[in-house]
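Note that numbering that gives the first Met the number 0 gives residue 359 to position 360 of the sequence shown, counting from 1, and the numbers run on in steps of one.
Since the hints were derived computationally from the structure, they do not count as laboratory data.
Do not take every clue at face value.
As the list claims (entries may be wrong) - Estimated spans, in silico, between C-beta atoms of each pair:
hint	residue 1	residue 2	range
1	Gln263	Glu362	46 to 54 Å
2	Arg440	Ser282	45 to 53 Å
3	Gln263	Lys412	15 to 23 Å
4	Gly208	Asn418	20 to 28 Å
Claimed, not checked - Quick list of in silico lysine-lysine cross-link-like pairs, DSSO-like style, CA-CA up to 30 Å:
hint	residue 1	residue 2
5	Lys298	Lys195
6	Lys156	Lys133
7	Lys207	Lys298
8	Lys408	Lys311
9	Lys133	Lys311
10	Lys195	Lys267
We put the CB at the ideal spot given by N, CA and C, even for glycine.
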Amino acid sequence: MEGGREPQQPKRMRSVCSESGLVLGGGRGPSGGVSTRLTDTSSWPRIYGNRPTAHTAETSSVCTCVVHKRCHEHIITKCAGMKKQEDTPEEVGAQRFSVNMPHKFRNHNYKAPTFCDHCGSLLWGLMRQGLQCKVCKMNVHKRCEANVAPNCGVDAKGIAKVLAEMGVTPDKISTTAQRRKKRTLKDFSFIKVLGKGSFGKVMLAELKGSEEVFAVKVLKKDVIQQDDDVDCTLTEKTHPGPGLDRLFFVMEYVNGGDLMFQIQRSRKFDEARSCFYAAEVTSALMFLHRNGVIYRDLKLDNILLDAEGHCKLADFGMCKEGIINGELEYGPSVDWWALGVLMYEMLAGQPPFEADNEDDLFESILHDDVLYPVWLSKEAVSILRAKHSFFKDIDWTLLELRRLKPPFKPRIKTRRDVNNFDQDFTREDPVLTPTDEAVIRQINQEDFKGFSFCAETQI
Numbered sequence: 000m001e002g003g004r005e006p007q008q009p010k011r012m013r014s015v016c017s018e019s020g021l022v023l024g025g026g027r028g029p030s031g032g033v034s035t036r037l038t039d040t041s042s043w044p045r046i047y048g049n050r051p052t053a054h055t056a057e058t059s060s061v062c063t064c065v066v067h068k069r070c071h072e073h074i075i076t077k078c079a080g081m082k083k084q085e086d087t088p089e090e091v092g093a094q095r096f097s098v099n100m101p102h103k104f105r106n107h108n109y110k111a112p113t114f115c116d117h118c119g120s121l122l123w124g125l126m127r128q129g130l131q132c133k134v135c136k137m138n139v140h141k142r143c144e145a146n147v148a149p150n151c152g153v154d155a156k157g158i159a160k161v162l163a164e165m166g167v168t169p170d171k172i173s174t175t176a177q178r179r180k181k182r183t184l185k186d187f188s189f190i191k192v193l194g195k196g197s198f199g200k201v202m203l204a205e206l207k208g209s210e211e212v213f214a215v216k217v218l219k220k221d222v223i224q225q226d227d228d229v230d231c232t233l234t235e236k237t238h239p240g241p242g243l244d245r246l247f248f249v250m251e252y253v254n255g256g257d258l259m260f261q262i263q264r265s266r267k268f269d270e271a272r273s274c275f276y277a278a279e280v281t282s283a284l285m286f287l288h289r290n291g292v293i294y295r296d297l298k299l300d301n302i303l304l305d306a307e308g309h310c311k312l313a314d315f316g317m318c319k320e321g322i323i324n325g326e327l328e329y330g331p332s333v334d335w336w337a338l339g340v341l342m343y344e345m346l347a348g349q350p351p352f353e354a355d356n357e358d359d360l361f362e363s364i365l366h367d368d369v370l371y372p373v374w375l376s377k378e379a380v381s382i383l384r385a386k387h388s389f390f391k392d393i394d395w396t397l398l399e400l401r402r403l404k405p406p407f408k409p410r411i412k413t414r415r416d417v418n419n420f421d422q423d424f425t426r427e428d429p430v431l432t433p434t435d436e437a438v439i440r441q442i443n444q445e446d447f448k449g450f451s452f453c454a455e456t457q458i
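Starting from the given sequences, assemble the full structure and let the hints guide the process.
If you want it as structure tokens, here you go:
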């Protein structure tokens, strides 16, 4: 004590709730804060289920997210600091929604005091104090970036409100979560061969004990290794099932066939049909590009029609993530160029460039003039020349909601119908081709480590 005055206590720096954006109050009431920085990280940080007893964090760190006690039950995403490991069926449900919309953070200069939307503390410094997502404008410390959940643009409050109206809170999702059984080859019976390629074949299969059918892509490991395409295969992974000699992709069966099969039936598509397909493919490409993915393999064979006649992109083995604005000399424009080629093939019934070999084809693309058939309208020619109003009749909002009626609906009688696939394949026996045991023994199984994966919406 000096001069009869008590010494002033240092001011405690306030923190802000990353969920509500409000200042965290003191004490243990509903306005107090909870954090994933806990001495015991076995419960709440993993599923946001049990409240810690202390007001704030003290020691070991999981994801460092700080929220009000009244707000933590509104968290709908998994803890970003969770270790990747094999979980029990109960834990899979307890981890809440598997949202994966990465933020696009950039260095940012703040002209006013700003708090980190993740840990709640002040962004310090004179310049480039932190990072800001260029999409959702979230502000975080550079040290917090790795711990931020990939929930860019997700209306967490809106989803939590809907769940509350349903009588469900995120921390209780585990009580209704379905238990997921790891499927093996024995769980499926093969029905028909749908197609064949250089790596293997695609077969129609039924999940035993149900009426569900799936398309199963079967790839030979020895062929993949010989062609040095392991990375492409892991990029495309969809479902677990690696054996010693083969890899299996269990995918949705899209029974309308591909556009190559359909155009061979009709020789070419009319402009209304071509416009619809091109618009849906454009919507799909825009989605991929927004998420930093370049498709790179756009062709008639890779566009499937569902039972209603809507398009779905398939075969993502050539995709590359995170190369937009990267070191490569090309970007999303490669997909738009390929879309032009695709539209020419749909409208003209033939490719714009032809040659006897790959080298001559490249020369043709670089130097030859494209000839436009006389039956094409001015609008069709204009879009192929990138000067167009070809999509003037397309309502893009309704298109993305799948509310536009497709101009063509495939003829499908049953779920197992294979009439929209080449009979040269469907007439084959649906059996696995024998493999060379000597070759299998030489395969380095470590090359395929990390293949097993199960999509949230699949079986």
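Outcome of the hint check:
{"no.": "1", "hint": "Gln263 x Glu362: 46 to 54 Å", "in the structure": "28 Å, violated"}
{"no.": "2", "hint": "Arg440 x Ser282: 45 to 53 Å", "in the structure": "47 Å, holds"}
{"no.": "3", "hint": "Gln263 x Lys412: 15 to 23 Å", "in the structure": "21 Å, holds"}
{"no.": "4", "hint": "Gly208 x Asn418: 20 to 28 Å", "in the structure": "26 Å, holds"}
{"no.": "5", "hint": "Lys298 x Lys195", "in the structure": "17 Å, holds"}
{"no.": "6", "hint": "Lys156 x Lys133", "in the structure": "21 Å, holds"}
{"no.": "7", "hint": "Lys207 x Lys298", "in the structure": "34 Å, violated"}
{"no.": "8", "hint": "Lys408 x Lys311", "in the structure": "14 Å, holds"}
{"no.": "9", "hint": "Lys133 x Lys311", "in the structure": "29 Å, holds"}
{"no.": "10", "hint": "Lys195 x Lys267", "in the structure": "24 Å, holds"}
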